[in-house]
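Using the hints, position chain R against chain Y.
The chain contents come next:
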Amino acid sequence: MIAARALAGGPGRADVFAGAGAQGRLLAPLGWWLNDIALAVTILVTILIVVAIVRRRHDSPRLAEDSEARGIRWIIGAVAATTVILFIMFVYTARVLTENAGALHGSTLTVRVTGYRYWWKYEYLGSDGHTDFVTANELHIPAGQRVQLLLDGGDVIHSFWVPALGGKTDLIPGQNNRMWLEADSAGEYHGSCAEFCGAEHALMRILVVAESADAFARWEAVQRQPAADSAPEALALIRTHGCASCHAIAGTDARGDAGPDLTHVGGRTTLAAGTIDNNPRELARWLATPDLVKPGSLMPATGLDTAEVATLVRYLRTLK
Amino acid sequence: MTEIAESAVSRRLRAIWATPAGIAGSLATVDHKTIGIRYVVTAMIFLILGGVEALVMRVQLARPDAGFVSPQLYNELFTMHGVTMLFLFALPVLSGFSNYLWPLMIGARDMAFPRINAVGYWLFVAAGVFIYTSMATGTMPNAGWFNYVPLSSARYIPRSNIDYFALGMIFLGLSTTAGAINFVVTFFKMRAPGMSIDRVPILLWGTVTVSVSILFALPALTASCLLLYLDRHFGMHFFDPDHGGQPLLWQHLFWMFGHPWVYIVVLPAMSMASDMLPTTCRRPLIGYTYVALATVSVGILGFGVWVHHMFAVGLSPISLSFFSGASMAIAIPSAVSVFAWIATMWYGRPVRNTVLLFIAGFIVLFVIGGVDGVVTASAPFDWQVTDSYYIVAHLHYVLIGINVFPVIAGVHYWFPKATGRLMSERLGRLSFWLMFLGFNIAFFPMHFLGLLGMPRRIYTYAPWQGWAMWNLVATIGSFTFALGFLVFVINVWRSYRKGDRASANPWGAGTLEWSVSSPPPPYNFVQIPRVASRHPLWEGEDDDRRSVLDQGPALDDGHQAVSTTALEARPTAILPMPGDSLWPFYLSVATLFLFYGLVYDSFVVAGISAFAVAACMVGWLWPGASIAQFDEPEEPREAGDPPATTSSMPMSDLSLTPVGIAVEPHPPGQWAMALLIVTEASLFAYLLFSYFYLDVLSPTAWLPGGAPALRIAIPNTAILLSSSVVLYWAERRLAAKDVTRAKWGLMFTMLLGALFLCLQGVEYAHEPFRPQSNAYGSAFFTITGLHGAHVFVGLLLLGVVLTMLWRGKLSSERRHFLSNAALYWHFVDAVWIAVFASLYLAPRLGL
Numbered sequence: 001m002i003a004a005r006a007l008a009g010g011p012g013r014a015d016v017f018a019g020a021g022a023q024g025r026l027l028a029p030l031g032w033w034l035n036d037i038a039l040a041v042t043i044l045v046t047i048l049i050v051v052a053i054v055r056r057r058h059d060s061p062r063l064a065e066d067s068e069a070r071g072i073r074w075i076i077g078a079v080a081a082t083t084v085i086l087f088i089m090f091v092y093t094a095r096v097l098t099e100n101a102g103a104l105h106g107s108t109l110t111v112r113v114t115g116y117r118y119w120w121k122y123e124y125l126g127s128d129g130h131t132d133f134v135t136a137n138e139l140h141i142p143a144g145q146r147v148q149l150l151l152d153g154g155d156v157i158h159s160f161w162v163p164a165l166g167g168k169t170d171l172i173p174g175q176n177n178r179m180w181l182e183a184d185s186a187g188e189y190h191g192s193c194a195e196f197c198g199a200e201h202a203l204m205r206i207l208v209v210a211e212s213a214d215a216f217a218r219w220e221a222v223q224r225q226p227a228a229d230s231a232p233e234a235l236a237l238i239r240t241h242g243c244a245s246c247h248a249i250a251g252t253d254a255r256g257d258a259g260p261d262l263t264h265v266g267g268r269t270t271l272a273a274g275t276i277d278n279n280p281r282e283l284a285r286w287l288a289t290p291d292l293v294k295p296g297s298l299m300p301a302t303g304l305d306t307a308e309v310a311t312l313v314r315y316l317r318t319l320k
Numbered sequence: 001m002t003e004i005a006e007s008a009v010s011r012r013l014r015a016i017w018a019t020p021a022g023i024a025g026s027l028a029t030v031d032h033k034t035i036g037i038r039y040v041v042t043a044m045i046f047l048i049l050g051g052v053e054a055l056v057m058r059v060q061l062a063r064p065d066a067g068f069v070s071p072q073l074y075n076e077l078f079t080m081h082g083v084t085m086l087f088l089f090a091l092p093v094l095s096g097f098s099n100y101l102w103p104l105m106i107g108a109r110d111m112a113f114p115r116i117n118a119v120g121y122w123l124f125v126a127a128g129v130f131i132y133t134s135m136a137t138g139t140m141p142n143a144g145w146f147n148y149v150p151l152s153s154a155r156y157i158p159r160s161n162i163d164y165f166a167l168g169m170i171f172l173g174l175s176t177t178a179g180a181i182n183f184v185v186t187f188f189k190m191r192a193p194g195m196s197i198d199r200v201p202i203l204l205w206g207t208v209t210v211s212v213s214i215l216f217a218l219p220a221l222t223a224s225c226l227l228l229y230l231d232r233h234f235g236m237h238f239f240d241p242d243h244g245g246q247p248l249l250w251q252h253l254f255w256m257f258g259h260p261w262v263y264i265v266v267l268p269a270m271s272m273a274s275d276m277l278p279t280t281c282r283r284p285l286i287g288y289t290y291v292a293l294a295t296v297s298v299g300i301l302g303f304g305v306w307v308h309h310m311f312a313v314g315l316s317p318i319s320l321s322f323f324s325g326a327s328m329a330i331a332i333p334s335a336v337s338v339f340a341w342i343a344t345m346w347y348g349r350p351v352r353n354t355v356l357l358f359i360a361g362f363i364v365l366f367v368i369g370g371v372d373g374v375v376t377a378s379a380p381f382d383w384q385v386t387d388s389y390y391i392v393a394h395l396h397y398v399l400i401g402i403n404v405f406p407v408i409a410g411v412h413y414w415f416p417k418a419t420g421r422l423m424s425e426r427l428g429r430l431s432f433w434l435m436f437l438g439f440n441i442a443f444f445p446m447h448f449l450g451l452l453g454m455p456r457r458i459y460t461y462a463p464w465q466g467w468a469m470w471n472l473v474a475t476i477g478s479f480t481f482a483l484g485f486l487v488f489v490i491n492v493w494r495s496y497r498k499g500d501r502a503s504a505n506p507w508g509a510g511t512l513e514w515s516v517s518s519p520p521p522p523y524n525f526v527q528i529p530r531v532a533s534r535h536p537l538w539e540g541e542d543d544d545r546r547s548v549l550d551q552g553p554a555l556d557d558g559h560q561a562v563s564t565t566a567l568e569a570r571p572t573a574i575l576p577m578p579g580d581s582l583w584p585f586y587l588s589v590a591t592l593f594l595f596y597g598l599v600y601d602s603f604v605v606a607g608i609s610a611f612a613v614a615a616c617m618v619g620w621l622w623p624g625a626s627i628a629q630f631d632e633p634e635e636p637r638e639a640g641d642p643p644a645t646t647s648s649m650p651m652s653d654l655s656l657t658p659v660g661i662a663v664e665p666h667p668p669g670q671w672a673m674a675l676l677i678v679t680e681a682s683l684f685a686y687l688l689f690s691y692f693y694l695d696v697l698s699p700t701a702w703l704p705g706g707a708p709a710l711r712i713a714i715p716n717t718a719i720l721l722s723s724s725v726v727l728y729w730a731e732r733r734l735a736a737k738d739v740t741r742a743k744w745g746l747m748f749t750m751l752l753g754a755l756f757l758c759l760q761g762v763e764y765a766h767e768p769f770r771p772q773s774n775a776y777g778s779a780f781f782t783i784t785g786l787h788g789a790h791v792f793v794g795l796l797l798l799g800v801v802l803t804m805l806w807r808g809k810l811s812s813e814r815r816h817f818l819s820n821a822a823l824y825w826h827f828v829d830a831v832w833i834a835v836f837a838s839l840y841l842a843p844r845l846g847l
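Heads up: the sequence lines are chains Y and R, in that order.
Position one of the first sequence corresponds to residue 1 (the working numbering), numbered consecutively onward.
Position one of the second sequence corresponds to residue 1 (the working numbering), numbered consecutively onward.
Just so you know, the hints here were simulated from the structure itself, not pulled from any lab data.
Small disclaimer: the values here were computed from a predicted structure and weren't measured.
The reader is advised that the hints may include incorrect statements.
Stated by the list, open to error - To give an idea of the interface, some chain Y residues facing chain R are shown, with a C-beta separation under 8 Å as derived from the structure:
id, residue
1, Ile-72
2, Thr-83
3, Thr-110
4, Gly-191
5, Glu-195
Heads up, the beta-carbon is just placed ideally off N, CA and C, and yes, glycines get one too.
Chain Y with its partners taken away, still in its complex shape (with noise of 0.2 Å):
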């Protein structure tokens, strides 16, 4: 809408004008030409209303028969028009659809989403369609370049959105659903889940970062090395107190796959799917007490007290 074209400027944005992929872009347009006609039509409409009901009437009584064909033909006039505005709607429509099927095939590289109750799970394939490396909650793509999304429930429906990049497809459990997602410039961009999933569906976020094929080249190539198994202690504490029954670190014994991969955790921006930001503090207050911090989340309450905490967040953040 043109009010809302006005509100969302500047730089990072995450709203549905902001076309900053390939889809994105083919739908903004759509949006904006959408929204306005029905802006337009709105005014229109109400500019009438308003006009029959205060305009000044010869106080003879018109004879009803005459106004009422008068009338009938007005109506005539008013629903052909919009007959002809809503086929015009339809044909962009359809056209939008038939572009959007052509265009969005092909892909360098492809990545199994998987939605679980309150995170996402990103399995990089390679090109033999085998699992390269694991990772959660941020994505990282190469800008410029489409990626194809295969899209699973792992428990319940969840929907992919990120705005700015395009449009959403659910994640249905026993369904492959696939999307495409391609972003024109590095940055990073940021969505949710878009189905109603349960308790913490407010907190499970999305970011998607893009960049550089040189910088995500580097990136895969960190992703894909093992944890050094080299804190006997902190790995002590994770299989004691049950964080390797969810969560797996490549490289040492923890294997779970119930939560997110933490083998890389401490390259991530934010933690428990963007519901709070990477730091040594912030990671301390989730690990002692994640029902404060996602309440609804499916993370239990571990047990540490503060000194195993420390330890843990000393060894998480070096797991980068």
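Chain R alone, transformed into the frame defined by chain Y:
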């Protein structure tokens, strides 16, 4: 002289129709006016409950990172808000208006089925109590009003939250279905003589359209909730992808119901506006025929667009295009209504009162909700806005704009009729401006929030997301809106206590409800009117054909009403009508406990309650109790007071109309049975759709061990079909006055039916799979089991008929009960043919 004579008639009518005072009287009443007002008041109470839930949410969202409510409570609140507004307010309030107004508008004494009307209301209250019990138990539904699986399955929400939803929807559906059947039959059978269907107020068109829609759409919700209940309580797998179920099956069923439902809760409200506008603009509605046709076509088109709620589930571009186009096309008939209203205002002389303000406001909001609806109908852009706050804005423009605003206009307009007092204009205007501005301040910015990326159903957001300002604005707007509503409530209360007295026709309106006193007497009309135009009270002296309002027959020797032909409203019979009864109330209470038993798997409570339900039904139908159809006057006679002369009165056909149900070729009961069959057939159609949907999408072999065996099924099919032949023969025997053979035929029919059920049980025992094995087993047992349950109900029905036959209550002239039961029985057999073809034959044909 006439004065005295009339009052004697009025006294007699009052003695016949008035409900006795006292608690028993008020629980037993079947007066459509009392029931209508109760519907409206009860719905308004639910509106206030849902509104408070909304305000709590707006407080939580007014600022980022707020902790006013917990996430769990927030999720319960938005679910209950949606359930309350859509199911416990939006339709019931309209049913209330239609219940109150229909008989008055069409010149009838009451609805076609006064007791079914009463049971509709009591079941609605009971279902509302049931759903809100979840608040007391701390387990409110919490998966959103469309309650998607798998989130709502027992694995993710094991407590009874969702059971209150699923069973509550089935429960409320009983009330809604009863009401819908009653409206359809009343529409086609009970209009005053001369009120052909092109002379009825538009509200009749609106409500009859949605009533027919309900009969086809509601079974989809009943089916989906039944399947969910079976999944949750009996370990079945309809929606469980690990065992061949499909989560999307829920979405298809739910929206096949849900989208028609959106039109169901707005069309009657739009129609009310169409009926109020002529009065406030002092001229007839322009384009009556177009508006009536537009209303009906929106109802029909509403069935073809459910997929636009599912644009993001991963569909092919072809189906996206189709459903985009179909959804946009609905704007065309909607535009017809909008421009008809504007033309009526333009060429009329509008009286600028509160009623007109609310109607004008409604049209503006309707247009906004309509055009942003067209935006969301565009599938590619809908990928952006669906499940965002843009949709929250859109749906509130539609539902508050097109339901609440006309309803409030309607309260102001018909309040004087119902209470005999006028509402305050000053408070009325104040409430309008607070509500109209508050509404737009609250909901227009939600479009922006959606475009800024805010998903719906989130209990909190962070400051950096940039949504704080518009959320604060929305909260301020919502409280302004609530304040406006409070002013309205105060206005209602004050006006009810000490408003100015209203005459019979304070607005100078043209339709029949304004021809009787305010408030109307219990019998509505002293004389049955004869209608000659759309606006009987606006006819001029020089019109050639004039309605006759005060010289018709009074029908003052019993509970009687005139039934007329479906299209032209020519009188066909004078029907005896049932009087007050406590059975509808008892039946609803028993049903409430039945559903409590089901929530908590307490099959003792459920069993006892089911028995009580059956007992109430038997009590209701008990021969010799005062069921109207049996209270026939000893001697059929020529009915009605002899016409009081004057040559201008074409009453001759009514005065010659015979009395009694026996002479009516298509009595209301037969209509009702046919409509019940329509809605039941839809239920089976949705279940068979589910069967084939799961079959087609099954990732593994659908039939675990080949098609089910025919060894028992084929003879069993023959048994069931032959029972229909026998029953037909029994019917013919009764028609030929051969009561003895009719009894034997009936008993043999029942024997065959019972044999069918036994053999079905034997077959069940031999099937190699169980309902819990996989989705196929669940579907097989559910569909055949539900059919078996219908056979069982048919047996009970035939048992009642047999008892009547035995007690001499049926004869060759009075065999409607047998005909209706037989109709049901034949229908159940026809369903079996469909079930047999789908479950037994289709797999063998490779389908």
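A quick look at each hint next to the structure:
no. : hint    : in the structure
1   : Ile-72  : holds (6 Å)
2   : Thr-83  : holds (6 Å)
3   : Thr-110 : violated (16 Å)
4   : Gly-191 : holds (7 Å)
5   : Glu-195 : holds (6 Å)
Of the numbered hints listed earlier, the single one contradicted by the structure is hint 3.
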